[in-house]
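K.L.:
Turn these sequences into a full structure, and let the hints guide you.
The listed protein sequences correspond, in order, to chains C and F.
Going by the numbering used here, the first residue of the first sequence is number 1, and it counts up by one from there.
Going by the numbering used here, the first residue of the second sequence is number 377, and it counts up by one from there.
In short, the hints are calculated from the structure, not lab data.
No false leads were mixed into what you were given.
Which stretches of chain F does chain C cover? Using the computed rule of at least three CB atoms under 8 Å from a CB of chain C, they are:
(1) 398-408
(2) 594-607
(3) 624-633
For every residue, glycine included, the Cβ atom is placed at its ideal position computed from N, Cα and C.
Chain by chain, the residues run as shown.
Protein chains: 2
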Amino acid sequence: MNPLNPPKRLLMGPGPSMVAPRVYAAMAKPIVGYLDPYCLEIIGDIQQMLRVAFGTKNEFTIPISGTGSAGMEAAIANFTEPGAKFAVFANGFFSDRITEMARRQGGNVVRFEKPWGEVYGDAEAADFIRREKPQVVAYVQAETSTGAFQTGKAICQAAHDAGALVIADCVTSLGGIPVEVDATGIDIAYSCSQKGLSCPPGLSPFTVSPRAWAWLEKRAAPVQSWYLDLRLLDTYFRGRKYHHTISISLLYALREGLALAVEEGMEARWERHRRNHLAFVAAIEKMGLRMHVAEPKNRLWTLQSPRVPAGVDDAKVRKRMLDVDGIEILGGFGQLAGQVFRIGLMGSSSTEENIALVLDSLQKAMQAETVTAGKG
Amino acid sequence: MNPLNPPKRLLMGPGPSMVAPRVYAAMAKPIVGYLDPYCLEIIGDIQQMLRVAFGTKNEFTIPISGTGSAGMEAAIANFTEPGAKFAVFANGFFSDRITEMARRQGGNVVRFEKPWGEVYGDAEAADFIRREKPQVVAYVQAETSTGAFQTGKAICQAAHDAGALVIADCVTSLGGIPVEVDATGIDIAYSCSQKGLSCPPGLSPFTVSPRAWAWLEKRAAPVQSWYLDLRLLDTYFRGRKYHHTISISLLYALREGLALAVEEGMEARWERHRRNHLAFVAAIEKMGLRMHVAEPKNRLWTLQSPRVPAGVDDAKVRKRMLDVDGIEILGGFGQLAGQVFRIGLMGSSSTEENIALVLDSLQKAMQAETVTAGKG
Chain C
1 MNPLNPPKRL LMGPGPSMVA PRVYAAMAKP IVGYLDPYCL EIIGDIQQML
51 RVAFGTKNEF TIPISGTGSA GMEAAIANFT EPGAKFAVFA NGFFSDRITE
101 MARRQGGNVV RFEKPWGEVY GDAEAADFIR REKPQVVAYV QAETSTGAFQ
151 TGKAICQAAH DAGALVIADC VTSLGGIPVE VDATGIDIAY SCSQKGLSCP
201 PGLSPFTVSP RAWAWLEKRA APVQSWYLDL RLLDTYFRGR KYHHTISISL
251 LYALREGLAL AVEEGMEARW ERHRRNHLAF VAAIEKMGLR MHVAEPKNRL
301 WTLQSPRVPA GVDDAKVRKR MLDVDGIEIL GGFGQLAGQV FRIGLMGSSS
351 TEENIALVLD SLQKAMQAET VTAGKG
Chain F
377 MNPLNPPKRL LMGPGPSMVA PRVYAAMAKP IVGYLDPYCL EIIGDIQQML
427 RVAFGTKNEF TIPISGTGSA GMEAAIANFT EPGAKFAVFA NGFFSDRITE
477 MARRQGGNVV RFEKPWGEVY GDAEAADFIR REKPQVVAYV QAETSTGAFQ
527 TGKAICQAAH DAGALVIADC VTSLGGIPVE VDATGIDIAY SCSQKGLSCP
577 PGLSPFTVSP RAWAWLEKRA APVQSWYLDL RLLDTYFRGR KYHHTISISL
627 LYALREGLAL AVEEGMEARW ERHRRNHLAF VAAIEKMGLR MHVAEPKNRL
677 WTLQSPRVPA GVDDAKVRKR MLDVDGIEIL GGFGQLAGQV FRIGLMGSSS
727 TEENIALVLD SLQKAMQAET VTAGKG
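P.N.:
Here's what the structure looks like:
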C-alpha cells in the first residue's frame, strides 16, 4: 500500500470546512476507553460548550455517533410515532430528506411547499400549523442546498400553541450563525461537526428541550432505531453505562473545535461570519453574478449560493478549480442542479483571504470554460 | 478550556485496542471532501483490504458511518421485513442486542438459548433452523461478552437449505481471527474499527453477499432507517453521489490500520493472536484462574474471559489497575456481571509484553484488594 498522502485542498464547499491545526493535533492524541474517567470528562466539556453554541440550557445536549443525517434521523425517529401528523416546511433538499425519513417512520406528512431558496413569513407559517394541527413540525434553519435562512420564532410559537414539538435542522448554522435554541423555542435541534465547527465529519451535535424530553419519556411505541434511541443514549451520557463505543478521537476533535469557537466568543464568531458573508456578496455581485436568495436578510452567512451565469457549465468550472487551484466548492442539486454554485464560508474557512482565493479561482475557471466553450 | 491532555492508557479491554503511531499520524493529515477523487481512492483502498480481512469477494464491502452497533442495526434493518421470522442463536449479550433490534424492526424472533459462554454444535444448530424455518438467521461469531467463538458452516448450510439469509456478528473477530465470510457462507457480516483492526472507533466494516444483495433489491417494504439503508449507501459507494458526509479522518485511520494488517499478512496476524492467546491462557491458569469458556477450541483469541476468583470484587480490581498502572480491562455484564474479567489481546494490543504487563497488574491488584478486603 502506497503512503497516505492527501492533497492539500482549500475547502470552500458546503462542508467539510478547513480544520484548525489544534483540531488535527487532538486526533493524534492517545485514545482512552469509552468508560474511562477522562472520556467522560471530555464529554462533559463538549456538552457544556455545545450548550453555549446552541444557545440552550437543555440538559440533554450530546454528540450523536454519526453524521448530521444521523442526527436528522435521531430527531425524526424518536419524536414521530406511527400515524403522527408531521408538518414540513418544504423549501429545499434537506426538507425533502426530512419528509422521506418521516414517512419511513410512519408519519403522516403534510408539506408547505415553496420554491427552493424562498423562506416562510410569520403569518403564513402560523396559518399552516393552525390549519394542519400536527404533532411534529420540522423546518430547516439553514438550508445547505439553497443558502436560505429561516427564522423560527413564529413557527415555534404556533407549534407550541397547537401542542406540537418543533424539530430544527441546524446543520449549516451551528458555529457560524446564532442558532438560539431556547430563545427561538426549538424543541429538537441537530447539527454536524464539519461545517461551522470546523472539525472532521462524524459527530452530530444534538439537543432536546425538557418539554420534548417529557414527551419522549411517555412515548409508548418503541423507537425503531436502537442505535439512535435517545433514551438508550441517555443511559450512556447520564447513566455512564455501555451503549455503544463512542469515537474518542472524534470527541477530542470536537472538544478542541468547540474550544476554538468559545475562546473566539460566539458573538465575535458570528460577526466574523456575517462580515465575511457581506464581503463575499459585494465581491461576487461586482463580478456580475447574482445571489440565488434574493432578500439579503434571508441569506445564510455560512453558505453562499450565487447563480451560475448563463452558458457556464458549473461542473466544468468546479472541476477546474479543484484540479488547477485545489479549491473545493460544490454545485446545486435537485431543483437547483446546474443553477447555483455553493460556496461555504464556515468556521476556519471564513476569512478574507479565502474569499479572495475562491473568487479569483472561480473567475479564472469561468473565463477558461467560456473560452473553451467558445472554441468547442 | 484547559489543554487536551489524555492519560496514556494500556488498552487491554474488549476495545478500543492500542492504536499504532501510523494510524494516529493518518488522522492528522489534511481532510478532503466526500466527493474528492482522493476520498474515493481511499475508499477503494479500504474496500479492497476489507475484502481480504473478511475473506470475501463480495462487491458490496464498505465502511458504515457509525460504530459496530450501527453495523448490527444496518444488517438487521435491511434484511428484516416486518413479520419475518428471525432466528437468533442466543448465548450472550450481543445476541440479546440482536434480538432487541430485530423485534424493533417487526421481526418475529425465535431464540435458541444457551448459557453465556457456551456455543452450538453443528447438529443442534441445523435442527433448530430446520424446525423453525426462519427467513433470517443471526449468530455471533465472536461474542465479546463471553469470549466464545462460534463456528458457522453448519448454521449457514442449514440456513441456505431453508432459504434463509445469515447475519454474523464479527465485531470481535475481524483482524484477529479468520472471519472467512465466503468459505463459511455468511451473507451479511459487520464489524468495528477499534478491536482487531486497532483503529479508533467510529466505522463499521460491512459486507453483503451477492445472494443477500439480490434479496435486498427485491425487498418491497421500505427500510425504516434512511441513514443505514444499504441501497441508498450504494448510491454513494458505487454511484458516487451524495448520501451523507463520510468521516474522511476515520477513513484515513481505517486505511492505515488495514494496511498494517495486510502488510503483516492476515495469516501471520491470526497466528500472532493465536500464539498470544495460548500464552495468556497458560499464564493465567498458572496464576490459579480458570477460563470461563471451558473448551479451548471455543475460546476467542482476541478476547479472554478468565473467571473472577471467589471473594474478589472485580470492579475494585479493575479500578486499581486503571488508577495505579493505567491499564484498562473490563468486567462481565448481564449474566456474567462480576464473574469474569474481559481482557483483550487485539490488533496492536496483542503482544507478549502486554500480556506480562496486564497479568502483573492484575495479580498485584487482586492481592491488594484481597488484603484490603481482609482488613476491612
